[in-house]
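Trainee: Residue numbers (our numbering), protein chains in the order written: chain E, 1 to 171; chain F, 1001 to 1378.
Careful, some of the hints might be misleading.
With a straight-line cut-off of 20 Å between C-alpha atoms, the simulated SDA-like cross-links for lysine to any residue are [what the hints assert, rightly or not]:
1. E/LYS121 with F/ARG1056
2. F/LYS1024 with E/GLN47
3. E/LYS170 with F/ALA1062
4. E/LYS121 with F/ALA1062
5. E/LYS121 with F/ALA1058
6. F/LYS1035 with E/SER166
7. E/LYS170 with E/GLN47
Some chain F residues judged to face chain E by a derived CB distance under 8 Å, without partners named [said to hold, decoys possible]:
8. GLY1016
9. ASP1038
10. LEU1095
11. VAL1097
The hints are simulated quantities; they were obtained by calculation from the structure and are not laboratory data. All of these numbers come straight from a predicted model, not from anything done at the bench. Yeah, the Cβ is synthetic: ideal placement off N, Cα and C, and Gly gets one too.
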Amino acid sequence: MPDSEREQILAALRERIVAFAASRLSRDVAEDLAQEVLILLHEKYAQVERLDELLPLSLRIVRFKIMGLSRKSARRGEYTQVSVDEVRLPDDEPDPAARAEQRQMLERLTAAMAGLGERCKQMFRLKIEGRSFEEIREIMGVASINTVYTWDFRCRKQLLERLGGSWEPKK
Amino acid sequence: MSRDDIQKLLGGYATGTLTEAERKALFDAALHDQKLFDALADEEALRELLSDSYVRAAIRQALEPAPEPSGWGVWLRRPFTWAAAGSMAAAIALLLVMLRPDAAVHKAEVAFERPNEKKASTPAANLTSSVPAPARQPPRKHAAKPAAAKPLAAAPAPKPEADALALRSEALGEAVVVSPPNPMSVVSAFNQTAPVVAMEAAEVRADKARGGLGMATVRRAAAPAAGATAVTPAIRYRLQQRSTAGMYEPVDPDLPLSSPAPLRMEVETNIPAYLYAFEAQAGGGYLQLSVGPTVDAHVRHSIELGEPVPDRRVILVLSVRPQAEFAVGTATEGAVALLSKLRMETAAPLRQKSANSMYVMGRTGAPVLVVEVALPRR
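Full structure from sequences and hints, please.
Mentor: This is how it looks when you write it as structure tokens:
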């Protein structure tokens, strides 16, 4: 992929990251965070070029950094920059605090799913089993894949509403 | 796709449901749409949670439909049973009032006791023949189908036979690709699973002691019901390759690979059974790969395959009984002999491709399914 194409993707990503982070943090902090993400993508992941890899990777880094910021500011009461070397992607081993959060999220999720209708439960079960939307369309006996998209969208919306609008518990 | 349709793909991101084309459409749109980007970023928490296989197993268990009742439970759950019993009781009470006491008692006894007939086993069967039989209620759409009628006992290997539905042979010369108009597609056969049954408390404890998840309900094909059909053994597999970002992405098993990155195979069976995997070696031997052997239905297992090399073949063996020769973990002489025998004697399976997944179906009632996979080359 030509450098210019990757640079264009990164420029657009930076804009999106700043706006997303600014909705949760101050503007200055959001700008710094976006800059760190871009530095990481340049230094540690220079070989990642395609959008379908860059975007999810940047989302993981952004989430990791925001979580790191909130934990550090909770401990020290101030914002502290997270060092590039502290980002341990793609190691997926969670620390104890993350494990506790994971357990809490799972409990909330399963409790909310219990209150869904049968179609939504089947939809989520099939997705968790690794089916594609096309396979789900066939299993559920639906003629059009757009119907499956619509059902999934509505089921996701219902589930989010039952969770108070967020997958994560409010802190 | 319209913007609305692309937005509907959001739910497939965290669960890994999207095809390559759907991911591309979603990410392309999110790059230029702040609201969509923000929604995608918010999905990251869920995606991270669901990347844990324990979490996925726990959610699957929570979403399993309740086991179907059997025997008395079926009759007692039908409202018509109780309505009919109530009506009959009212009719009998009316008879007792209207007729002479001794005649009423005699008629009631005749109604309920017919010494020459077999004693009924359900309350509904005690009613006189004037009451119509309860109508069969259609099964719930999402309910699991009844279990196999016959136990999956060892049967002689069926002779290979010409399959009228075969459209072309693959290079292996053994498997055939099934295309419609077979109404019972391989994908449908794969999804035709054994019913969910509740595990006994002792079984749950034993499973936990072995390091398992201790599921309260499992899919079990071991309790056949009369009149029901056997579940056809089937395997679903897909190949994944590690991307430059360190994540495994699905690849088309029919196309050459564009990267030397390590490969992984995800395998899923439709019945609880024993799964063994081998790699055929150039000199005629086999290398046993690490998977199973006990597998539950519809649980994905990963087999690490390392970097792609030319002419690699993986052989999967799905067996309803444990194969002692394969239990050692290395391909001993006995294991090699048994594997060669199974490859020769097991009838050619049927295959069907859907998205990047390959579905392979054995013969109904066959105790063993052997699947050969030629790995794509660079």
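Trainee: Checking each numbered hint in turn, tell me which of them this model violates, lowest number first.
Mentor: Hint check: 3, 7, 10, 11 fail, others pass.
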